[in-house]
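From just these sequences and the hints, can you work out the full model?
Going by the working numbering, the sequence shown opens with residue 81, and the numbers climb by one from there.
Just so you know, the hints here were simulated from the structure itself, not pulled from any lab data. You can trust all of the hints, since none of them are fake.
Each pair of labels, with its calculated beta carbon distance range:
(1) LEU97 - GLU142: 53 to 59 angstroms
(2) VAL96 - GLY139: 50 to 56 angstroms
(3) GLU142 - VAL96: 57 to 63 angstroms
(4) GLY113 - ALA92: 25 to 31 angstroms
(5) PHE132 - PHE86: 54 to 60 angstroms
(6) LEU122 - GLU142: 29 to 35 angstroms
From the three backbone atoms N, C-alpha and C, an ideal C-beta is built for every residue, glycine too.
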Amino acid sequence: MTRRLFYIALGATAGVLLVRKLTATAARFTPAGVQSGVAGALGGLSSAIRDFGVEVRAGMVEREDELRTGLGLDGVHDVVDS
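Here's what the structure looks like:
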């Protein structure tokens, strides 16, 4: 008798867990769930692109300083525009 109750409880628990998992998975494929997933992915992509742009600009400034130092330019224009 105890053995049967154990297996009934085990089956009920497995059934509840399975239903909850399937409900969560089905909710991800609703229009609202898909929209939320896409919005999160695009938000992450836009911040990654923004961070990349910031790093590129910082690298450009650093490299420009290296070139100016290497060429002996101090920021004063030696060439007169005509």
